[in-house]
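The whole structure should be built from the sequences, with the hints applied where relevant.
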Amino acid sequence: MVKRNALGRGLGALIDDAEKMKQAGIIEVEIGKIEANPYQPRSNFDEESLEELANSIREIGLIQPITLRKTGADKYQIIAGERRLRAAIKAGLETIPSYIRQAKDEGMLEMALVENIQREDLDAIEIAVSYQRLLEELNFTQEDLSGRVGKKRSTIANYLRLLKLPAVIQKALREKEISMGHARALINIDDSRAQEMIFAQIIKYGFSVRKVEEMVRVLNDENAEKTIAGRKELPNAFRNFKGVLGKLLGASVRISVSEKGKGKIVIPFKSEKDLERIVKIVENTK
Numbered sequence: 177m178v179k180r181n182a183l184g185r186g187l188g189a190l191i192d193d194a195e196k197m198k199q200a201g202i203i204e205v206e207i208g209k210i211e212a213n214p215y216q217p218r219s220n221f222d223e224e225s226l227e228e229l230a231n232s233i234r235e236i237g238l239i240q241p242i243t244l245r246k247t248g249a250d251k252y253q254i255i256a257g258e259r260r261l262r263a264a265i266k267a268g269l270e271t272i273p274s275y276i277r278q279a280k281d282e283g284m285l286e287m288a289l290v291e292n293i294q295r296e297d298l299d300a301i302e303i304a305v306s307y308q309r310l311l312e313e314l315n316f317t318q319e320d321l322s323g324r325v326g327k328k329r330s331t332i333a334n335y336l337r338l339l340k341l342p343a344v345i346q347k348a349l350r351e352k353e354i355s356m357g358h359a360r361a362l363i364n365i366d367d368s369r370a371q372e373m374i375f376a377q378i379i380k381y382g383f384s385v386r387k388v389e390e391m392v393r394v395l396n397d398e399n400a401e402k403t404i405a406g407r408k409e410l411p412n413a414f415r416n417f418k419g420v421l422g423k424l425l426g427a428s429v430r431i432s433v434s435e436k437g438k439g440k441i442v443i444p445f446k447s448e449k450d451l452e453r454i455v456k457i458v459e460n461t462k
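Here our numbering is used: the first residue of the sequence shown is 177, the next is one more, and so on.
No wet-lab data here; the hints were simulated from the structure. Treat the hints loosely; a few may be bogus.
[Stated by the list, open to error] No more than 27 Å apart at the CA atoms, straight line, and that leaves these computed lysine-lysine pairs for DSSO-like:
| # | residue 1 | residue 2 |
| --- | --- | --- |
| 1 | 446 | 387 |
| 2 | 440 | 423 |
| 3 | 266 | 246 |
| 4 | 418 | 456 |
| 5 | 251 | 209 |
| 6 | 387 | 340 |
| 7 | 449 | 438 |
Quick caveat: nothing in here was measured; it's all calculated off a predicted structure.
Structure follows, in structure tokens:
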């Protein structure tokens with residue numbers, strides 16, 4: 177019944193035997209025995225996003241189980257996680273790790289999850305998954321959740337955002353290869369490929385949280401510059417100044433200006449020697 181290879185290297189690498197999975201309330205369910213929820217509010221699923229998740233599942237497995245309701249002797253209906261189920265099918269899985277709920281156990285589920293969240297040995301992803309289950313399965317709002325668990329809404333929102341990180345980064349956070357600080361810096365990047373690129377550098381070079389925050393700031397500033405540049409041209413006065421400054425410094429100067437009139441000047445240099453040349457020019461123009 178349980179197919180070990182269906183877990184890939186995701187959940188199976190984190191929960192290393194069937195007994196521990198059972199204790200966590202997770203079982204493997206054959207995908208062919210799962211039917212869609214007729215009350216599923218979402219009808220459109222982005223195909224590109226599904227394919228990205230399917231590729232991730234092929235590489236490292238499914239990190240976050242889905243939630244099912246038992247409807248018959250050997251039949252289940254999906255409560256939460258249809259996107260994950262669709263991606264698992266695309267990835268070729270035959271079984272999928274699942275939480276199984278009774279139809280009317282909302283009160284017990286809430287008590288169990290809230291109690292679970294209060295434990296000190298949970299990692300950040302486990303906490304985030306518990307929050308997500310309360311939102312998805314009990315139709316809580318973040319305000320409801322804030323009152324139930326005694327946490328600020330912003331804290332809950334930050335945990336939930338962790339679940340949007342690529343699975344490889346979630347797995348690294350669970351296995352303590354990176355810290356919560358690293359992950360919180362990475363969630364401020366919109367592009368998953370950029371997130372994975374910086375994550376790879378964290379692992380390779382052991383970057384501190386402060387270093388990663390600075391890398392993210394620089395990346396977002398560059399993206400903001402491109403957005404501003406694509407949205408409108410520089411006013412004539414700034415274009416003229418850019419030309420004069422570029423000629424003076426012998427560099428391809430960039431100037432960006434926000435809609436409020438604030439901006440910045442970027443002066444690129446090719447080497448340390450080139451930087452020294454630019455500094456001398458600036459000093460001599462005082």
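Now for the hints, and whether the structure bears them out:
1. 446 / 387: Status holds; Cα separation ~22 Å.
2. 440 / 423: 18 Å, holds
3. 266 / 246: 23 Å, holds
4. 418 / 456: 19 Å, holds
5. 251 / 209: OK: residue 251 and residue 209 at ~5 Å, within 27 Å.
6. 387 / 340: OK: residue 387 and residue 340 at ~22 Å, within 27 Å.
7. 449 / 438: 31 Å, violated
When the structure is compared with the earlier hints, a violation turns up for hint 7 alone.
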